[in-house]
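Participant: Which chain is which? The protein sequence lines are A and B, in order.
According to our numbering, the first sequence is numbered sequentially starting from 1.
According to our numbering, the second sequence is numbered sequentially starting from 368.
Among the hints, a few may not be true.
According to the in silico footprint, chain B covers these stretches of chain A (three or more CB under 8 Å from chain B) [as the list claims (entries may be wrong)]:
| id | stretch |
| --- | --- |
| 1 | 61-69 |
| 2 | 96-107 |
| 3 | 155-163 |
| 4 | 180-186 |
| 5 | 204-217 |
To give a feel for the contact side, a few chain B residues facing chain A, derived at Cβ under 8 Å [unchecked claim]:
| id | residue |
| --- | --- |
| 6 | Arg503 |
| 7 | Glu506 |
| 8 | Lys507 |
| 9 | Pro509 |
| 10 | Asn518 |
| 11 | Glu521 |
| 12 | His626 |
| 13 | Ala688 |
Computed list of lysine-lysine pairs in PhoX-like fashion (alpha-carbon distance at most 25 Å, straight line) [stated by the list, open to error]:
| id | chain 1 | residue 1 | chain 2 | residue 2 |
| --- | --- | --- | --- | --- |
| 14 | B | Lys543 | B | Lys583 |
| 15 | A | Lys348 | B | Lys377 |
| 16 | B | Lys517 | B | Lys377 |
| 17 | B | Lys517 | A | Lys256 |
| 18 | A | Lys130 | B | Lys465 |
| 19 | A | Lys94 | B | Lys377 |
| 20 | B | Lys610 | A | Lys130 |
| 21 | A | Lys207 | A | Lys17 |
| 22 | B | Lys517 | B | Lys553 |
| 23 | A | Lys130 | A | Lys176 |
| 24 | B | Lys553 | B | Lys507 |
| 25 | B | Lys507 | B | Lys465 |
| 26 | B | Lys517 | B | Lys610 |
| 27 | B | Lys379 | A | Lys348 |
| 28 | B | Lys532 | B | Lys377 |
| 29 | A | Lys140 | A | Lys94 |
| 30 | A | Lys5 | A | Lys140 |
| 31 | A | Lys348 | A | Lys35 |
| 32 | A | Lys130 | B | Lys379 |
| 33 | B | Lys741 | B | Lys382 |
| 34 | B | Lys584 | B | Lys535 |
Bear in mind the hints are in silico, worked out from the structure with no lab data behind them.
All C-beta atoms, glycine included, are put in the ideal place defined by N, C-alpha and C.
What follows is each chain in one-letter form.
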Amino acid sequence: MRIVKVEPYVFKVPLVKPFRTFLAEVREKDHLIVKLIADDGSVGVGEIGPLPEFSGESGETCLAVTRDLLAPAIIGQDPFNVELIIERLETAVKANHLAKSAVDFALYDLLGKLLQVPVYKLLGGRYRGKVPLAWAMGMKSPELMAEEALEMVAKGYSCLKLKVGLDPKMDVERVKAVREAVGESIAIRADANQAYSPDTAIRVIKKLEPYDLQYVEQPVPHWDIDGLAKVTEAVDMLIMADESIFSIHDAVNIVKREAADILNLKVGKVGGLNLSRKVAAFAEAADVPCMVGSMLELWVGTAAGVHFAAATRNVSFECELVGPMYYTYDVVKEGLRVDEGAIEVPDKPGLGLEIDEEKLRAVTTPK
Amino acid sequence: MDIYFLGGLKVKIAKVDVYLVSTPFIRPQKMAMWTSYKKDHVVVRITTDDGVSGVGETVPLVAEFGEPVTACASVIRDWLTPTLIGEDPFDTERLFEKMEDAVRGHLFAKCAIDWALYDLMARTLNVPLYRLLGGRYREKVPVTWVVGIKNPEEAAREALDYVAKGFKELKLKAGKDWRGDFERLKAVRKAVGGAVEIRIDPNQAWGAGKAVNIIKKMEPYELQMVEQPTPAWDFEGLARVTKSVDVPVMADESVRTPHDALEIVRMEAADIINIKIGKIGGLFYSTKINAIAEAADIPCVVGSMLEGNIGTAASAHFALAARTLKFANDLIGPLFRADDVVKEPLKIVNGFLEVPEKPGISVDLDEAKLELLKMR
Numbered sequence: 001m002r003i004v005k006v007e008p009y010v011f012k013v014p015l016v017k018p019f020r021t022f023l024a025e026v027r028e029k030d031h032l033i034v035k036l037i038a039d040d041g042s043v044g045v046g047e048i049g050p051l052p053e054f055s056g057e058s059g060e061t062c063l064a065v066t067r068d069l070l071a072p073a074i075i076g077q078d079p080f081n082v083e084l085i086i087e088r089l090e091t092a093v094k095a096n097h098l099a100k101s102a103v104d105f106a107l108y109d110l111l112g113k114l115l116q117v118p119v120y121k122l123l124g125g126r127y128r129g130k131v132p133l134a135w136a137m138g139m140k141s142p143e144l145m146a147e148e149a150l151e152m153v154a155k156g157y158s159c160l161k162l163k164v165g166l167d168p169k170m171d172v173e174r175v176k177a178v179r180e181a182v183g184e185s186i187a188i189r190a191d192a193n194q195a196y197s198p199d200t201a202i203r204v205i206k207k208l209e210p211y212d213l214q215y216v217e218q219p220v221p222h223w224d225i226d227g228l229a230k231v232t233e234a235v236d237m238l239i240m241a242d243e244s245i246f247s248i249h250d251a252v253n254i255v256k257r258e259a260a261d262i263l264n265l266k267v268g269k270v271g272g273l274n275l276s277r278k279v280a281a282f283a284e285a286a287d288v289p290c291m292v293g294s295m296l297e298l299w300v301g302t303a304a305g306v307h308f309a310a311a312t313r314n315v316s317f318e319c320e321l322v323g324p325m326y327y328t329y330d331v332v333k334e335g336l337r338v339d340e341g342a343i344e345v346p347d348k349p350g351l352g353l354e355i356d357e358e359k360l361r362a363v364t365t366p367k
Numbered sequence: 368m369d370i371y372f373l374g375g376l377k378v379k380i381a382k383v384d385v386y387l388v389s390t391p392f393i394r395p396q397k398m399a400m401w402t403s404y405k406k407d408h409v410v411v412r413i414t415t416d417d418g419v420s421g422v423g424e425t426v427p428l429v430a431e432f433g434e435p436v437t438a439c440a441s442v443i444r445d446w447l448t449p450t451l452i453g454e455d456p457f458d459t460e461r462l463f464e465k466m467e468d469a470v471r472g473h474l475f476a477k478c479a480i481d482w483a484l485y486d487l488m489a490r491t492l493n494v495p496l497y498r499l500l501g502g503r504y505r506e507k508v509p510v511t512w513v514v515g516i517k518n519p520e521e522a523a524r525e526a527l528d529y530v531a532k533g534f535k536e537l538k539l540k541a542g543k544d545w546r547g548d549f550e551r552l553k554a555v556r557k558a559v560g561g562a563v564e565i566r567i568d569p570n571q572a573w574g575a576g577k578a579v580n581i582i583k584k585m586e587p588y589e590l591q592m593v594e595q596p597t598p599a600w601d602f603e604g605l606a607r608v609t610k611s612v613d614v615p616v617m618a619d620e621s622v623r624t625p626h627d628a629l630e631i632v633r634m635e636a637a638d639i640i641n642i643k644i645g646k647i648g649g650l651f652y653s654t655k656i657n658a659i660a661e662a663a664d665i666p667c668v669v670g671s672m673l674e675g676n677i678g679t680a681a682s683a684h685f686a687l688a689a690r691t692l693k694f695a696n697d698l699i700g701p702l703f704r705a706d707d708v709v710k711e712p713l714k715i716v717n718g719f720l721e722v723p724e725k726p727g728i729s730v731d732l733d734e735a736k737l738e739l740l741k742m743r
């Protein structure tokens, strides 16, 4: 069996409403769809939603990297030779983890379809049948965030993630307002997306302690592992690393330097499912739990996270696999089932989704 | 290729059979702590409700690890089997958690189950096992010839003999008396010349203090690596040796769990890790230790407990797939046996273990041999 063709598609999808983080205000987002086609005609599909402010990759860079560098590296390869293919992707071009992740997702979708099993069976089986979700909320005024929180709790979410970071004082107000609105039974976490200096982070987090957060995510710049370690050491609150971990090697440094208590293991950030399993294994040995975050992918990319979270024991927080709920349209015929703040793990072969080819053609045709 | 649709999936484990067998050795194998004439195995067969089976085995070493085959068999029957019956064999993350909760440790017993589960998964999907472990990263599996503790002349003769058979890497067992180890190394290096890699394995015997001196003395003879010079528990000592000598140091007995591997990384206690699948609980944990090593850029070797064809075949599939392996592997158990419980034993040709392109672990259980070699 051989991979004979790699087809990347790029398009923009508008969000239902703007999503504000410390890094950017997102109104519409680039998406890359990658199809891997095998010599027997089987097709695997992957997807990723790059955000230049987060990873330095855009739809156009993903397209160029996939078409010009990743595709030639894997055409002709046996799709079952995952370790070899991942190595070839690594050596074809440095970094570009998001583009590589989309190819990895497509590869696992293809393998699942060839073997007629859902992808989670290739990742360790069904550790959980439903993946509990956290609703991720963009940064707004405390009142508006409290309002959105109540609305999502009414929809069945029992875990909320609040984007913070633009103003330390207001950040505390945002958390306070949401906690007061939803009461004690709802889990809340905050994500500063690198906004603070280590000293500011320590001061802000100590003020957040009365509001009973699960953890605070990436309080300091991504490169500042010492600063992250300083914060982790100084506060009682659990600290999560996100932008500080883009590869399996980053996980080694975080664990060695005890720089964080939890990892945000976005399967689309570290290079896909193959590498995510390795990060999870490393973290598990160090007793560092993981949460599967998202790059606000559409359903295909989200499903990769769902299969991974279903199979991986070391995922022990509600996952932020809510991308599809943010978009005005998708390119699949039908999404996965979301009910009471959890996604049901699909049992169909591969990632379990079917592309709406007409829609994909319509959105990728230059107007 | 015949493909089962497992989408909605209901393949369930229906039965776990346990057999005790002994396989005769071709000649005694002498090491620092023991001499072996035969090997006792526990062979396990797991069967699903649709009639597909997978096989595993364990060849525990009582002297070193304290798990006799009879204990393994009882742990498998009384504690592990109940956690498996009615379960989907693909749910490894959950099943190993259940087994961890059911009985602490007993990694030899768990390995037998593990190999049977992976064989079963691959046979259910009708693919060679390596495809479920990351595919064919390399075409064939290079193996090491292991020379036991014997006088220098004999060791040199044996080394030459196996180099002539195509082995490119040799492992010298050591540890009873370091002067003897030194003379043996000298004689073997002189006999085989510079092109053959030689590693030495004192199986914990030297200890940190002595190891540094011994290894430095051995440096002119171009050791590829030194394996486990210090006691298994002594991570500090291992780290001290690793920092003090130029020869790469490999951890073996020190690594029995992923936590141990992480500790090696944290303490920078070794340059290489021996993933000895049979002693760490099987492929499930090997995959995790391999990931830890890969993240930390630590190369690995696949080791063995001198398993028979079943364990060696399962290990060989892992060795085809794992990216971290940079050296020849200790997968020569079948060569030591005069007989075994499989239909077509594996072949080692020109220093490489051949892995037939067949479903599962590529070897099939022989019912008649199972009866013939039953432990009396």
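Participant: All hints, please: hold or fail.
Facilitator: Do the hints match the structure? See the list:
1. 61-69: violated (count 0)
2. 96-107: violated (count 0)
3. 155-163: violated (count 0)
4. 180-186: violated (count 0)
5. 204-217: violated (count 0)
6. Arg503: Holds, about 5 Å.
7. Glu506: violated, 11 Å
8. Lys507: violated, 14 Å
9. Pro509: For Pro509 (chain B), the interface hint is violated, since the closest Cβ of chain A sits about 17 Å away, which is over 8 Å.
10. Asn518: violated, 43 Å
11. Glu521: violated, 40 Å
12. His626: Hint holds; His626 (chain B) Cβ to chain A Cβ min 5 Å, cut 8 Å.
13. Ala688: holds, 6 Å
14. B:Lys543 with B:Lys583: holds, 18 Å
15. A:Lys348 with B:Lys377: holds, 13 Å
16. B:Lys517 with B:Lys377: Violated, because 55 Å separates the two Cα atoms, which is more than 25 Å.
17. B:Lys517 with A:Lys256: With a Cα-Cα distance of about 42 Å, the restraint between Lys517 (chain B) and Lys256 (chain A) is violated, given a limit of 25 Å.
18. A:Lys130 with B:Lys465: Holds, because 19 Å separates the two Cα atoms, which is no more than 25 Å.
19. A:Lys94 with B:Lys377: violated, 42 Å
20. B:Lys610 with A:Lys130: violated, 48 Å
21. A:Lys207 with A:Lys17: violated, 30 Å
22. B:Lys517 with B:Lys553: holds, 13 Å
23. A:Lys130 with A:Lys176: With Cα atoms ~30 Å apart, Lys130 (chain A) and Lys176 (chain A) exceed 25 Å; violated.
24. B:Lys553 with B:Lys507: violated, 31 Å
25. B:Lys507 with B:Lys465: violated, 35 Å
26. B:Lys517 with B:Lys610: Given pair Lys517 (chain B), Lys610 (chain B) is violated - Cα atoms ~30 Å apart, limit 25 Å.
27. B:Lys379 with A:Lys348: holds, 18 Å
28. B:Lys532 with B:Lys377: Distance of about 48 Å is beyond 25 Å: violated.
29. A:Lys140 with A:Lys94: The given pair, whose Cα atoms are some 36 Å apart, is violated under the 25 Å limit.
30. A:Lys5 with A:Lys140: violated, 44 Å
31. A:Lys348 with A:Lys35: Cα-Cα ~18 Å, so holds.
32. A:Lys130 with B:Lys379: holds, 20 Å
33. B:Lys741 with B:Lys382: Answer holds: Lys741 (chain B) to Lys382 (chain B) is near 20 Å, not above 25 Å.
34. B:Lys584 with B:Lys535: Given that 25 Å is the threshold and the Cα spacing comes to 24 Å, the pair holds.
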